Amino acid sequence: MRIHILLLLVLVVLFSCSKKEKDSIPLPEHPRPNFERSLWQNLNGNWKFRPDSANIGLKENWQIAPENFTDEILVPFSWASPASGVRLPKVNYAWYSRTFKLEKPEDWQGKQVYLNFCASDFTTSVWINGQKVGDHNGGYTPFDFNITKYLQEGENELVVRVEDEELDNRPSGKQYYGNAKGIWQTVYLEARPENHITGIFFTPDIDKEEVGVKLVLNHELKENAEFLLAGSGLNFRAALQAGTKSQEFTIPIKNMRLWDLDNPYLYNVKVWLNGNHWSDDIATYFGMRKISAVNVPGKDFQYVALNNKPLYLRLTLDQSYHPEGFYTFPSDEFMKEEIQRAKDLGLNGIRIHIKAELPRKLYWADKLGLLVQEDIPNFWGEPDSTAKANWEQVATAEMARDYNSPSIFSWVLFNETWGLFSRNEEGQRVYAPETQDWVRSWYHKAKDFDQTRLVEDNSPCNWDHVITDINTWHRYSPARHWAGFLDMVCENTYPGSGFNFIGNNVQGNQPMFNSECGAVWGYNGSTGDIDITWEYHIMMNEFRKRPKIAGFLFTEFHDVINEWNGYYRFDRSKKEFGLDELCPGMTMKDFHADLYVVAGKDFFQTYKGGSPVEIPIGISAVSSETPQNLKIRYTVYGWDALGDKQEISSGEQEAKARAFEFVEQNPITINLPDMALTGILATELVDGNGMVLQRNFVPFKVEGSRPDDILVLTKSPTEFSDASWSIKYLARQNDRKVWGMGSGFFEYTFDLPEGLSTENVESIEFRAELASRYPQEKYLEDGEAERIGMEIVSEKGKIPGYGQNSYPQTDQKLHGSLVKITANENKIGEVELSDDPADHRGILSWMNQEPGSEWGSDDHSKPWLLDEAGSYGYLVVEKFDEALKNAVLEAGQLVLQMHVDEQTKNRGGLSVYGADSGRYPMDVSIVIKKK
Numbered sequence: 001m002r003i004h005i006l007l008l009l010v011l012v013v014l015f016s017c018s019k020k021e022k023d024s025i026p027l028p029e030h031p032r033p034n035f036e037r038s039l040w041q042n043l044n045g046n047w048k049f050r051p052d053s054a055n056i057g058l059k060e061n062w063q064i065a066p067e068n069f070t071d072e073i074l075v076p077f078s079w080a081s082p083a084s085g086v087r088l089p090k091v092n093y094a095w096y097s098r099t100f101k102l103e104k105p106e107d108w109q110g111k112q113v114y115l116n117f118c119a120s121d122f123t124t125s126v127w128i129n130g131q132k133v134g135d136h137n138g139g140y141t142p143f144d145f146n147i148t149k150y151l152q153e154g155e156n157e158l159v160v161r162v163e164d165e166e167l168d169n170r171p172s173g174k175q176y177y178g179n180a181k182g183i184w185q186t187v188y189l190e191a192r193p194e195n196h197i198t199g200i201f202f203t204p205d206i207d208k209e210e211v212g213v214k215l216v217l218n219h220e221l222k223e224n225a226e227f228l229l230a231g232s233g234l235n236f237r238a239a240l241q242a243g244t245k246s247q248e249f250t251i252p253i254k255n256m257r258l259w260d261l262d263n264p265y266l267y268n269v270k271v272w273l274n275g276n277h278w279s280d281d282i283a284t285y286f287g288m289r290k291i292s293a294v295n296v297p298g299k300d301f302q303y304v305a306l307n308n309k310p311l312y313l314r315l316t317l318d319q320s321y322h323p324e325g326f327y328t329f330p331s332d333e334f335m336k337e338e339i340q341r342a343k344d345l346g347l348n349g350i351r352i353h354i355k356a357e358l359p360r361k362l363y364w365a366d367k368l369g370l371l372v373q374e375d376i377p378n379f380w381g382e383p384d385s386t387a388k389a390n391w392e393q394v395a396t397a398e399m400a401r402d403y404n405s406p407s408i409f410s411w412v413l414f415n416e417t418w419g420l421f422s423r424n425e426e427g428q429r430v431y432a433p434e435t436q437d438w439v440r441s442w443y444h445k446a447k448d449f450d451q452t453r454l455v456e457d458n459s460p461c462n463w464d465h466v467i468t469d470i471n472t473w474h475r476y477s478p479a480r481h482w483a484g485f486l487d488m489v490c491e492n493t494y495p496g497s498g499f500n501f502i503g504n505n506v507q508g509n510q511p512m513f514n515s516e517c518g519a520v521w522g523y524n525g526s527t528g529d530i531d532i533t534w535e536y537h538i539m540m541n542e543f544r545k546r547p548k549i550a551g552f553l554f555t556e557f558h559d560v561i562n563e564w565n566g567y568y569r570f571d572r573s574k575k576e577f578g579l580d581e582l583c584p585g586m587t588m589k590d591f592h593a594d595l596y597v598v599a600g601k602d603f604f605q606t607y608k609g610g611s612p613v614e615i616p617i618g619i620s621a622v623s624s625e626t627p628q629n630l631k632i633r634y635t636v637y638g639w640d641a642l643g644d645k646q647e648i649s650s651g652e653q654e655a656k657a658r659a660f661e662f663v664e665q666n667p668i669t670i671n672l673p674d675m676a677l678t679g680i681l682a683t684e685l686v687d688g689n690g691m692v693l694q695r696n697f698v699p700f701k702v703e704g705s706r707p708d709d710i711l712v713l714t715k716s717p718t719e720f721s722d723a724s725w726s727i728k729y730l731a732r733q734n735d736r737k738v739w740g741m742g743s744g745f746f747e748y749t750f751d752l753p754e755g756l757s758t759e760n761v762e763s764i765e766f767r768a769e770l771a772s773r774y775p776q777e778k779y780l781e782d783g784e785a786e787r788i789g790m791e792i793v794s795e796k797g798k799i800p801g802y803g804q805n806s807y808p809q810t811d812q813k814l815h816g817s818l819v820k821i822t823a824n825e826n827k828i829g830e831v832e833l834s835d836d837p838a839d840h841r842g843i844l845s846w847m848n849q850e851p852g853s854e855w856g857s858d859d860h861s862k863p864w865l866l867d868e869a870g871s872y873g874y875l876v877v878e879k880f881d882e883a884l885k886n887a888v889l890e891a892g893q894l895v896l897q898m899h900v901d902e903q904t905k906n907r908g909g910l911s912v913y914g915a916d917s918g919r920y921p922m923d924v925s926i927v928i929k930k931k
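Just so we're aligned: 360 in our numbering is position 360 of the sequence shown, and the numbers increase by one with no gaps anywhere.
It cannot be assumed that every hint is accurate.
Lysine-lysine pairs mimicking PhoX-like chemistry, simulated, CA-CA at most 20 Å apart [to be verified]:
| id | residue 1 | residue 2 |
| --- | --- | --- |
| 1 | Lys929 | Lys715 |
| 2 | Lys90 | Lys174 |
| 3 | Lys214 | Lys445 |
| 4 | Lys254 | Lys290 |
| 5 | Lys445 | Lys388 |
| 6 | Lys245 | Lys222 |
| 7 | Lys656 | Lys631 |
| 8 | Lys309 | Lys290 |
| 9 | Lys290 | Lys208 |
Label pairs and their calculated CB-CB ranges [unchecked claim]:
| id | residue 1 | residue 2 | range |
| --- | --- | --- | --- |
| 10 | Ala230 | Lys59 | 49 to 55 Å |
| 11 | Lys608 | Gly498 | 44 to 50 Å |
| 12 | Pro495 | Asn424 | 30 to 36 Å |
| 13 | Met256 | Gln152 | 47 to 53 Å |
| 14 | Asn218 | Pro330 | 30 to 36 Å |
| 15 | Gln131 | Glu337 | 40 to 46 Å |
Hints listed in this document are in silico derivations from the structure and should not be mistaken for laboratory results. Computed from a predicted structure; not experimentally measured. C-beta: ideal position from N, C-alpha, C; glycine also.
Input sequences plus hints: build the corresponding full structure.
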């Protein structure tokens with residue numbers, strides 16, 4: 001009996017789980033948490049689908065024969081995306097269909113039923129029960145149809161046709177990363193009365209402790225009505241007269257709670273429009289916050305301010321794509337995690353790049369406290385009347401849709417002048433004066449509509465602002481260019497300067513900061529996939545030395561198709577930066593602290609061992625709060641030519657910081673030992689209570705002698721006596737490193753000095769810096785990749801490390817290798833090399849990169865290139881047993897072989913690092929310790 005009951009319970013559970021999975025729909029939450037009616041019904045899920053590549057559906061009246069739609073698509077994912085289940089990126093026309101019933105139809109009695117599309121790209125046509133309802137043009141913002149008169153009792157049939165030709169006069173942003181063809185946001189039904197609310201806009205005024213409320217209706221009231229607002233301690237009502245279509249109110253806010261980054265308080269409210277026997281209701285929210293530009297106290301420059309306090313902006317460019325859903329994220333939880341991921345880095349904002357973001361992601365920025373710059377999607381052709389009209393439609397609708405999100409602090413109308421160029425009579429590509437006037441007019445329209453935010457006419461890479469609240473610029477540079485470039489920007493930024501402006505327009509005293517930066521496009525042909533932290537570290541140091549620059553915006557938040565320089569991978573898995581191992585306790589958040597210690601002049605210093613050196617130290621403060629009794633604790637250590645860690649010195653000194661300044665401190669003097677080292681000066685800035693406020697470090701190299709008490713025989717990586725590899729082997733970094741791909745070996749022959757014997761030698765040890773070797777496609781000849789079973793994607797950039805400068809950054813995906821080490825054909829040991837890493841720990845590989853043309857030089861003949869930058873290995877130590885030691889001493893020669901047998905998709909290969917490559921200043925070494 002127990003068995004039968006147990007079996008029954010198992011079947012019930014299995015049936016319930018199966019039914020739940022079948023009935024579940026993607027993104028079931030209300031798609032617009034700032035405009036949510038109580039009676040609504042989500043239509044996401046599996047719909048019937050039929051592509052129409054030949055565009056014959058209208059001619060053949062497919063709308064009346066949806067039974068011929070034999071494919072299935074998962075709404076709301078673009079039909080071009082993998083998540084849709086159809087993945088048809090080249091199709092420009094397609095049809096959808098589904099049936100639906102009103103849930104609890106008695107609740108919908110006496111109400112009008114609206115069909116809402118949160119976004120569908122580009123021309124959407126709708127039929128209900130075979131009758132045409134209407135069309136809509138536009139790809140990014142919500143639209144709706146009143147379908148009441150087309151409905152029948154019980155089941156109804158919905159047919160949707162979407163046309164999305166890729167025309168240059170349509171806003172599309174960067175849809176080449178993944179096209180948002182067709183429906184790409186939630187579709188839902190909604191009940192409304194005949195007279196209903198179409199807009200509710202909150203304008204906070206924290207200085208007066210009140211909020212302005214603007215109510216907009218679909219048409220003039222036919223009778224007197226009442227407006228009510230309640231929630232979060234607010235209770236307001238007002239009478240509305242017949243004939244009213246919009247009305248504005250001012251509501252005092254008692255015991256006002258501000259929205260800020262640490263305490264993002266939201267006033268969650270509900271509003272009602274009540275008539276005689278009818279009512280409309282909207283759940284929404286707003287935040288009491290103020291965005292402005294203010295003079296930094298005691299300085300002649302401005303910062304963006306949140307709630308009247310100057311705020312140093314730490315932003316990242318968020319391309320906001322997903323590898324499976326493209327424009328559309330898989331879940332609400334994922335969108336919440338996106339915002340948290342940015343906050344976990346210590347950033348205070350993101351720039352949604354030329355995309356009107358999903359409202360639920362904006363909601364999580366509002367809820368968790370993260371600032372947002374939101375771009376208007378651009379078109380790519382010339383600014384003709386059609387292109388302008390299409391852009392104006394999305395700009396107007398996007399700013400209205402997202403007006404109540406307190407996280408959004410600025411609108412960016414255009415990016416890098418894309419879509420604003422036209423041809424003059426001579427055929428030259430120009431940003432014409434009439435186009436500048438059009439952009440200027442839209443800056444003013446945006447300001448008139450929304451006085452609560454800053455507006456940027458164009459986020460420029462061509463020094464071509466027209467009129468803007470923020471004086472921003474883009475720059476992609478190798479790290480060694482930043483100092484000179486930033487000095488130039490600071491020198492040319494002042495009221496009345498024409499720098500960074502076009503058409504005889506000049507600067508005011510707007511906040512000046514970077515709105516795209518990094519090294520991704522600073523190297524010839526882009527960096528591809530590399531360690532981001534080395535260049536990032538130097539760049540942050542240089543920015544923080546110049547507090548006149550009001551912030552930065554790093555490109556970018558996550559990797560995308562052709563830009564592999566994100567803090568996170570495209571799938572949002574983590575990259576490994578290695579900071580904690582170089583400076584214990586350090587994370588990426590230390591690069592973004594209000595108080596920031598800059599240690600050292602730059603990262604390319606080589607010192608002579610056995611002598612004292614002075615290392616400069618400074619503190620950058622980008623906050624009004626500068627604690628007293630600051631101290632800098634420092635530790636100096638390094639790794640020697642045998643890979644052993646050497647502690648050199650430590651100490652502390654008093655420190656001073658001044659608000660919004662960079663203050664030089666007393667330099668730190670180090671007495672360096674006379675030995676070869678990869679060195680680190682690590683700092684901790686602590687307050688009077690001993691709390692660590694920020695960590696940083698500067699790496700350097702020390703040239704010195706070897707210790708006298710041991711004998712070390714060395715071979716540089718390229719001094720092998722024999723080598724063979726199943727795919728290939730190469731020397732890189734000017735012969736400082738060698739690697740083999742696949743299976744094979746490197747062999748090194750050492751002749752032992754005379755006079756060594758079993759009587760005077762205590763031990764023999766092998767030491768080297770080794771890693772596995774991932775078979776990067778850029779090194780493979782035609783056919784080699786297929787021969788070894790690699791999955792080939794022909795489009796450039798879709799394989800990590802494809803580009804000429806690439807060497808994939810360490811991340812959670814490992815490529816390991818098992819290396820067998822022999823001496824005179826006798827096995828010493830086997831070592832598992834867990835990965836082929838590249839990150840901040842590859843100090844010597846970064847320092848040995850050959851620089852290109854200097855900043856400001858007229859000679860651009862020497863391009864900036866990278867050769868396996870940041871790559872490094874693991875310290876491998878294998879001691880000879882007594883028998884092998886004696887045999888080698890007797891032979892007088894040691895033939896060392898490092899052999900890799902296996903070669904599979906995620907295993908294989910060997911990298912051998914030398915004294916000027918990788919992490920440790922060591923060659924392949926045989927260490928002989930005498931008695």
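Status of each hint after checking the structure:
Of the supplied pair hints, the one linking lysine 929 and lysine 715 holds, its CA atoms being roughly 18 Å apart against a limit of 20 Å. Restraint check for lysine 90 and lysine 174: satisfied, since their Cα atoms lie roughly 16 Å apart, inside the 20 Å limit. In summary, the hint linking lysine 214 to lysine 445 is supported, as the alpha carbons are separated by about 18 Å, within the 20 Å threshold. Of the supplied pair hints, the one linking lysine 254 and lysine 290 holds, its CA atoms being roughly 17 Å apart against a limit of 20 Å.
As the CA atoms of lysine 445 and lysine 388 are separated by approximately 14 Å, the hinted pair is consistent with the 20 Å bound. For the hint pairing lysine 245 with lysine 222, the CA-to-CA distance comes to about 10 Å; that is within 20 Å, so the pair holds. Distance check on the hinted pair: lysine 656 and lysine 631 sit about 8 Å apart at the alpha-carbon level, within 20 Å; holds. Distance check on the hinted pair: lysine 309 and lysine 290 sit about 9 Å apart at the alpha-carbon level, within 20 Å; holds.
Between the alpha carbons of lysine 290 and lysine 208 the distance comes to roughly 11 Å, so the proposed pair stays at or under 20 Å and holds. Checked against the hint of 49 to 55 Å, the C-beta distance between alanine 230 and lysine 59 comes to roughly 54 Å, which is consistent with it. A hinted range of 44 to 50 Å holds for the C-beta pair lysine 608 and glycine 498, which are about 48 Å apart. At about 31 Å, the beta-carbon gap between proline 495 and asparagine 424 stays in the expected band of 30 to 36 Å.
Distance hint check for methionine 256 and glutamine 152: the Cβ-Cβ separation is about 51 Å, which falls inside the suggested range of 47 to 53 Å. At about 34 Å, the beta-carbon gap between asparagine 218 and proline 330 stays in the expected band of 30 to 36 Å. A hinted range of 40 to 46 Å holds for the C-beta pair glutamine 131 and glutamate 337, which are about 43 Å apart.
The structure fails none of the hints (numbered hints given earlier).
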